[in-house]
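Visitor: Read off the chains here:
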Amino acid sequence: MIDFELSEDQKLAQSAMQEFAASVMRPAAQPSDRASCIEPATLSALWSTGLVQAQIDEDGGRSPVLNAIVLEELAAADATLALALAAPMAFVQAIVDQGTPQQKEQLLPLFAGDEFHAAAIACMEPQFGFDVSRLQTTAELVDGRYMLNGTKALVPFAASCSHFLVIARVGARVGDSRGDPAAAFIVPRDAKGVAVAEPRGTLGLRALQMTEVAFDGVLVPAAMRLGGEGGGDAQRLIASARAGLSAVLTGLARGVLEYVMPYTKDRVVFGTALARKQVIAFRIADMHIDIAAMRWMTWRAAWELETKQDATRSACLALTYAAERAMAIADEGVQAFGGHGYVRAHPIEMWYRNARAATLLEGCAGV
Amino acid sequence: MIDFSLTAADQRLVQLAKEEARISRTYARYYDQNEDLIEPEELPEAKDLPNRLDMLKELQSQTSGYAIAESLMQLEYADPRMRRNKSGLGDKIVAYAGTPEQKTKFAGKLLSIALTEPGAGSDPMAIRASARYDAETDEWVLNGEKIYCSQFGAADGAMVLARGPLDNGVRPFLAFVVEKGTPGLTLLGQVKKMGIRNWDTEDFVLQDCRVPAINKIDADFKKTMIVFNGTRPMIAAYALAIGRNLLEFTREKLLGSGEVLDYAGGRSGRSAIHDRLIRLEALADATRLSILHCKWAEHRDGVMTEGAKIEAATAKTMGGMAARRLTQECMEMLGPLALSEEFLAEKWFRDARIFDIFEGAGEVNRLIVARWLLGYSQKELN
Chain A
3 MIDFELSEDQ
13 KLAQSAMQEF
23 AASVMRPAAQ
33 PSDRASCIEP
43 ATLSALWSTG
53 LVQAQIDEDG
63 GRSPVLNAIV
73 LEELAAADAT
83 LALALAAPMA
93 FVQAIVDQGT
103 PQQKEQLLPL
113 FAGDEFHAAA
123 IACMEPQFGF
133 DVSRLQTTAE
143 LVDGRYMLNG
153 TKALVPFAAS
163 CSHFLVIARV
173 GARVGDSRGD
183 PAAAFIVPRD
193 AKGVAVAEPR
203 GTLGLRALQM
213 TEVAFDGVLV
223 PAAMRLGGEG
233 GGDAQRLIAS
243 ARAGLSAVLT
253 GLARGVLEYV
263 MPYTKDRVVF
273 GTALARKQVI
283 AFRIADMHID
293 IAAMRWMTWR
303 AAWELETKQD
313 ATRSACLALT
323 YAAERAMAIA
333 DEGVQAFGGH
343 GYVRAHPIEM
353 WYRNARAATL
363 LEGCAGV
Chain B
878 MIDFSLTAAD
888 QRLVQLAKEE
898 ARISRTYARY
908 YDQNEDLIEP
918 EELPEAKDLP
928 NRLDMLKELQ
938 SQTSGYAIAE
948 SLMQLEYADP
958 RMRRNKSGLG
968 DKIVAYAGTP
978 EQKTKFAGKL
988 LSIALTEPGA
998 GSDPMAIRAS
1008 ARYDAETDEW
1018 VLNGEKIYCS
1028 QFGAADGAMV
1038 LARGPLDNGV
1048 RPFLAFVVEK
1058 GTPGLTLLGQ
1068 VKKMGIRNWD
1078 TEDFVLQDCR
1088 VPAINKIDAD
1098 FKKTMIVFNG
1108 TRPMIAAYAL
1118 AIGRNLLEFT
1128 REKLLGSGEV
1138 LDYAGGRSGR
1148 SAIHDRLIRL
1158 EALADATRLS
1168 ILHCKWAEHR
1178 DGVMTEGAKI
1188 EAATAKTMGG
1198 MAARRLTQEC
1208 MEMLGPLALS
1218 EEFLAEKWFR
1228 DARIFDIFEG
1238 AGEVNRLIVA
1248 RWLLGYSQKE
1258 LN
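Chains as they are written, first to last, in the numbering used here: chain A, 3 to 369; chain B, 878 to 1259.
Quick caveat, the hints were computed from the structure, so don't treat them as lab data.
Backbone N, C-alpha and C define an ideal beta-carbon position, used for all residues, glycine too.
Be a bit skeptical, because a hint or two may be false.
[To be verified] Here are a few chain A residues that face chain B, going by a calculated C-beta distance under 8 Å:
| # | residue |
| --- | --- |
| 1 | Ser135 |
| 2 | Arg278 |
| 3 | Phe284 |
Make the full structure from the sequences, and use the hints.
Guide: Listed below in structure tokens is the structure:
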């Protein structure tokens, strides 16, 4: 039955994460953005939330809905730091959901420790107009092993990931295999033929140090295809990533709204508070209305994943809606601050950059 | 527990609503072209179908909740209705604001609400209809012009909002039931509208119209407006349904046989038309979930709270805006053939436009949400 009620556990997790986000993540947000780097102490603090470890549920019973709730709280403080955790979360989720027993045994223990352990899904590629339906990275079966060729772009923490989960098109021969299905391959960063490029810097989400990773004739044992031979559901990974990203965008947008309201109530323009001008007040109302709708769309996608339904459509629509609205909200947020919205003394220009960046990603998160 | 599934009972009700909509659609053009006709009490096919409200009451405990299940059916809105509403906003107000005596007197009567005047729409302070008390006859004398009253053609009367005599420098809002046949009440006929022409919308004039004191309902403006907490989400549902009719029509006409929307790919892999259709579908779904959230909150907390007012304003804002965007963009995608009256597309385009205006204009609902968010009074933000 239709129900939007949070359980007691969900409420507890939500408020715990909200407190953590406000006290630990928010103060680290701008410094991380300026340095294009997350301090080890902050990474440790993120890791200590136990979120990545919590994805390894022995009974296979992790909750995508809970993850969506949590990711929103983290992103309301800072989207970059939220995604810093969401990237290894997504990797672990993929192994838990679709990994063979051998893959689980080999990889999951890496994430059980106290220290931040980077890993990421490598999905996007360095083409303008990149689309997941037109992957250029290929996996060709050669003598019982897969040979990976191609370049992935915008891989978070690529230089420190122990492993990448590479989404590639599987074909018997390299060539125009556009119709070939995609699959995911577990590749250690130090495998022969893997080259992590120097980070060039990105518009937003700077501290993720997203960069290109080239795969030049990388040989992957068949046993390291996610889910084993003929296995894996790459589309489900994409759907989960989209739901996770929607949650992050919902949080980012909410952070903008929460910052805009007190400022516009204080700022006096032509004799009255900015917030008392109808155009500003209406934009604020629209932000609230849109953020709520983004949240329900995100929860619906997460719920479909949790109940093992095909979430392709709902995840696509959740991200489509969230991306459009989050960009608009961040945009109006800058406008509400006038000149102050343009300078780095306030976080709002960072949120504008982060919104544009986050809305263009695929595969960087997961519920 | 967060859940987006429909129960079996929900689905049965939705199926019934869809079947009614399918039948209604065959009459849609006729009632669009015959706007002076009041919708019939029921369509001929009604005799073969269960009454949806009876079915809802019967299945209530097995649904997601009365308010939610009712909304799920409203989301399948079609015109004309299979069975005309037997209740209006006016009699709903009697139900929550009337004395036992009044409830008895007006039992079974369909009463519209009459608020709007030529000079008064969103702003109640502009209402000019007046009421003065005649102590000799224990009657109230009403004067004024009310316009755009929904359901008034078929109704037994209306709940009229008028300004009472000066009291401490203020003319209070008073509410009166005025029944048809009362001398001084003159009906002006069905309003000529751009769309929703099948809807019964009528104007009337009150000239020294006398009603007995018992017809005065204890409802000021605020109390009267509470009724809209329940109806705004319903109007939003209708708005979305009209938009979705046109969206589905557009998909059907533009996607070739065998062509499906690809939700798996990203935005760069789609044609312009596919991308636009997916964005509109996202908007439609987001609107639907806003409405359902509002109804879920009503199911849990009732309709009288401040929270309910904000939820209703949210749902109505989404619905009104979605109706405009969906219908305008779909017509653009369809191209010039969509202008032809051979198809219902142009009718839905005309029908949709009122939904961001009546029953709480988008601007008014945004004021409601903004005041609540910012902690401003009506004086501080208007």
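Visitor: Evaluate each hint against the coordinates.
Guide: Taking the hints in turn, this is what the structure says about them:
Taken as an interface hint, Ser135 of chain A checks out: its beta carbon lies about 3 Å from the nearest beta carbon of chain B, inside 8 Å. Given the 8 Å rule on beta carbons, the hint for Arg278 of chain A holds: about 5 Å separates it from the nearest Cβ of chain B. The interface hint given for Phe284 of chain A is met, as the beta carbon of that residue sits about 5 Å from the closest beta carbon of chain B, less than 8 Å.
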